[in-house]
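Participant: Sequence:
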Amino acid sequence: MSVQKRFIAGAVCPRCGEMDTVRMYRDEEREHRECVKCGFSDSLRLDGRPDPEQIETRVSGDRSDKAPAAVADDNPQPIRIMDPGTLRRDH
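In terms of UniProt numbering, the sequence shown opens at residue 1 and continues consecutively.
Distance windows between CB atoms, simulated:
1. Glu28 with Arg58: 25 to 33 Å
2. Pro78 with Arg49: 53 to 61 Å
3. Pro76 with Lys37: 44 to 52 Å
4. Val59 with Asp20: 19 to 27 Å
Simulated from the structure, these hints should not be mistaken for lab results. By construction, the Cβ of each residue, glycine as well, lies at the ideal position given by its N, Cα and C atoms.
Hey, can you work out the whole structure from these sequences and the hints?
Facilitator: Set out below in structure tokens:
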């Protein structure tokens, strides 16, 4: 018996965010989904019990390639807000 893989209309891949690239199929124990664009795949148990591990997505994945968070400035400087009506022009 061959496995029939079907595309899920309107589904968005949780990793790459592309629409209509996710297909699914079932076996005796699990329902599987996979993205044909980025290779993402995961599966759910047919009995409804959750798996103990968290799937990697574009949100929860490795963030090492992202810019570091802004660092607080240890020497804050005051700023002056000037009224444009009081500025002198030396022309």
